[in-house]
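Number of protein chains: 2
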Amino acid sequence: MKNAIVGQSGGPTPVINASLAGVFQAAKQHGIDKVYGMNHGVMGLLKDDLVDVDQFLDSDLKIELLRRTPSSFLGSCRYKLKPYTEDDSEYKIIFKNLEEHEIGYFFYIGGNDSMDTIAKLASYGAYVHSPIRFIGVPKTIDNDLAITDHCPGYGSAAKYVATVMKEIGRDAACYGTKVVTVVEVMGRNAGWLTAASALARRDDFEGTDLIALPEIPFDLDRFVDKVAELQAKKPAVLVAVSEGIKVADGRYVCELGSSSHASDAFGHKALTGTASYLCSVLQERLGGRGRPIELSVLQRCAGHLTSRTDIEEAEMVGGAAVLAAIAGKTGKTVVLRRISDNPYQVTTDLATCDELANYEKKVPLDWINEDNTDMTQAFLDYATPLIQGELAPFYVNGLPYHLGSFKE
Amino acid sequence: MKNAIVGQSGGPTPVINASLAGVFQAAKQHGIDKVYGMNHGVMGLLKDDLVDVDQFLDSDLKIELLRRTPSSFLGSCRYKLKPYTEDDSEYKIIFKNLEEHEIGYFFYIGGNDSMDTIAKLASYGAYVHSPIRFIGVPKTIDNDLAITDHCPGYGSAAKYVATVMKEIGRDAACYGTKVVTVVEVMGRNAGWLTAASALARRDDFEGTDLIALPEIPFDLDRFVDKVAELQAKKPAVLVAVSEGIKVADGRYVCELGSSSHASDAFGHKALTGTASYLCSVLQERLGGRGRPIELSVLQRCAGHLTSRTDIEEAEMVGGAAVLAAIAGKTGKTVVLRRISDNPYQVTTDLATCDELANYEKKVPLDWINEDNTDMTQAFLDYATPLIQGELAPFYVNGLPYHLGSFKE
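Protein chains in written order, with numbering that gives the first Met the number 0: chain Z, 0 to 407; chain H, 0 to 407.
The reader is advised that the hints may include incorrect statements.
Copies of the same chain look alike in the list, so a pair counts if it works inside one copy or between any two.
No more than 25 Å apart at the CA atoms, straight line, and that leaves these computed lysine to any residue pairs for SDA-like [unchecked claim]: (1) K361 with E101; (2) K79 with R187; (3) K61 with A391; (4) K177 with N38; (5) K232 with D248; (6) K61 with E389; (7) K81 with K225; (8) K232 with N38; (9) K79 with G103; (10) K225 with G287; (11) K46 with K233; (12) K27 with S122; (13) K245 with V127.
No lab work stands behind these hints: they were computed from the structure.
Please build the complete structure, drawing on both the sequences and the hints.
Rendered as structure tokens:
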């Protein structure tokens, strides 16, 4: 039996390491000799910068710690391979390195950009008749992967967002004074995570009053009117907006307020300042106080507040990837298929990476209410199962303990 | 036995309701007839807007839920009474309302501004020979109250800050690229909470690399040099700064970057944008990426991540306030006295509210290292016991459940 290699790519999630644990455990159980890790994804692989996963996961305790450790344990990257038809030099290096380490199975934990990487590697592998199997393991808090019912990472991020909306809402209401709190949530083109703010409405909390997703062109005047309408009824108004909301002419709302926004390797603009801009507009037009809150990276790294369902599914898709690779599949990614909402049941399946690469799945428009201010019951039915259950960190001397980096 | 009234004032904390639970339970145990709550502190009392605490805490489950519910359950206010020697009209209203409800004991849960309120009411009470006893119950995440060893609310906020520094640090390091993350922590004049970022250094985490407190005049050039020095050794540098850091001429750092900053009823300026300004300077001078993160209100309202030690002490000071009132004390506040660090032992004591009012206790300068970039062991010995233990929320259907507001 050959060796395996596993990498993590793209933005971290609180459960991306549970997928790593899932890959590792299934590999060991199914007789794969050695598991290598890529130090910072394919960037590490290109430099033959690999780590020995067997060595740092040499006890059950460490595997359990890994499951409860947020952010990409192996290190991540945002690196786009050129098509090999244009330039195959990097592919040659990668395959040479893989062959030298007798790799038979390649696992890549990532989002839609990472699926592009797997698709390209599998395609090149077929072209050179390589026996190496390339399988994707889905992760993204954005939940914007096609085909899969939902994506590991989303459940925990959604639970984080809904939880802090309840807490922020309580905080904001405590003075009884007029204040509009605008919470900015990650999601550049798909509003899944912002939509999770709708989960905060429970019998102990009034909920998020107004939700704006990037799926709907943002109308500033209408927004101000809506807030004014809400504030006529209650002093503390709670708003959730996606960082990526755009006005009708296609400009990001955050660009209306400031000037330059840098782009990353995939051409994604850095979006920030949406809440801050909206608060300044609200203060100017309505008076009173606007309080912008950016949830920032905590929504994707809060290992102290995760969904047990999400962690278990993240581990499961890792294991399913190993089974698929051993069965000879390549260029595929594991996806989740929902059998039913209630009782909640899911199973794994496979999809072709090509179908997921570089495509962002949006929130269905009929899951947004007619007013474009809230989510419908269909969304709540979809998302509520994903936030169920907790898996507390191991607290040592008062703080969550994480698996120490292999670099230390 | 007469009735009691209790109010909450100033900024909320995750454990301010544990103090309310402590007051309530001790009052019931010691034969106080009825417990009223002020709706939004003395502002509610002035309008005779009271709530029946007995009614909404009519079961053990509700008391337990209250202990795990963040933000001020009774509603808070920031309201400064004029000295009665200048204008006694509000005092007359307050005492009339108290007498009508047959109040014998007045408890006010708050920080140094609230201690000012208690001192004034007690002083007026003495002047008019009122038998009503006025006792303060300390709370503030800022930990800036004099005399008391530490303040309920601080331990949970410190635990939150240290926890998220670990998580944010892991997130920032995952790409292996150059990035300076500047985390802005609450604290306008006292750096206690920012200092808690030093607790993040453990054997599984390198820790916060650079800490800037308002106790030390901020030197921008030196800061940039220090960051450059750190970044020569490691790509991802983690910085914690107090929102209230000031340059040598007395201007807030956040004022260097922007224009207007509103003030509240106590004349406190709204401080925000410190991290954002510092990141823009770092990017300009050092290149690379700067990522500002404002912990915002979550550091004071994250009921999902509290210190059990803190919750228990918050409850204890509430109970001690009742005992003090029954013993005939007035114009006093409960304080905590530490008997030892290890084993950690504390007891309650009383101090005169005048001594605490309007005074902010700073971090001792010899708890800051010589370089002014980190905390010494003395601080760690002081703060570590305060973050020990957890008290998880009651999770219902995936989210923390809170005691529903009496207004609903």
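Structure-based check of each hint:
With identical chains, the CA atoms of K361 and E101 are never at most 25 Å apart, being 40 Å at best within one copy and 61 Å at best between copies. With identical chains, the CA atoms of K79 and R187 are at most 25 Å apart within one copy only, with a shortest distance of 19 Å there and 44 Å across copies. Proximity of K61 and A391 under a CA criterion of 25 Å is satisfied in both settings, with 16 Å inside one chain copy and 24 Å between copies. Taking the closest pair of Cα atoms, K177 and N38 come within 25 Å of each other only across two copies (16 Å); inside a single copy the shortest separation is 50 Å, beyond that limit.
Taking the closest pair of Cα atoms, K232 and D248 never come within 25 Å of each other, the shortest separation being 32 Å inside a single copy and 45 Å across copies. For the homomeric pair K61 and E389, the shortest alpha-carbon distances inside one copy (19 Å) and between copies (22 Å) are both at most 25 Å. Taking identical chains as interchangeable, the C-alpha atoms of K81 and K225 are never at most 25 Å apart, the minima being 46 Å within one chain and 39 Å between chains. In this assembly of identical chains, K232 and N38 lie within 25 Å of each other by CA distance solely across copies; the values are 19 Å between and 54 Å within a copy.
For the identical chains of this complex, K79 and G103 are intra-copy neighbours only, at 23 Å inside a copy versus 72 Å across copies, given an alpha-carbon limit of 25 Å. Taking the closest pair of Cα atoms, K225 and G287 come within 25 Å of each other only inside a single copy of the chain (15 Å); across copies the shortest separation is 40 Å, beyond that limit. For a Cα distance limit of 25 Å, the shortest separation of K46 from K233 across copies, 19 Å, qualifies, whereas the shortest one inside one copy, 58 Å, does not. Neither within a single protomer nor between protomers do K27 and S122 lie at most 25 Å apart by alpha-carbon distance, with minima of 27 Å and 74 Å respectively.
When the C-alpha separation of K245 and V127 is checked against a cutoff of 25 Å, the pair qualifies neither within a copy, at 44 Å, nor between copies, at 62 Å.
Of the numbered hints given earlier, the model fails hints 1, 5, 7, 12, 13; all others are met.
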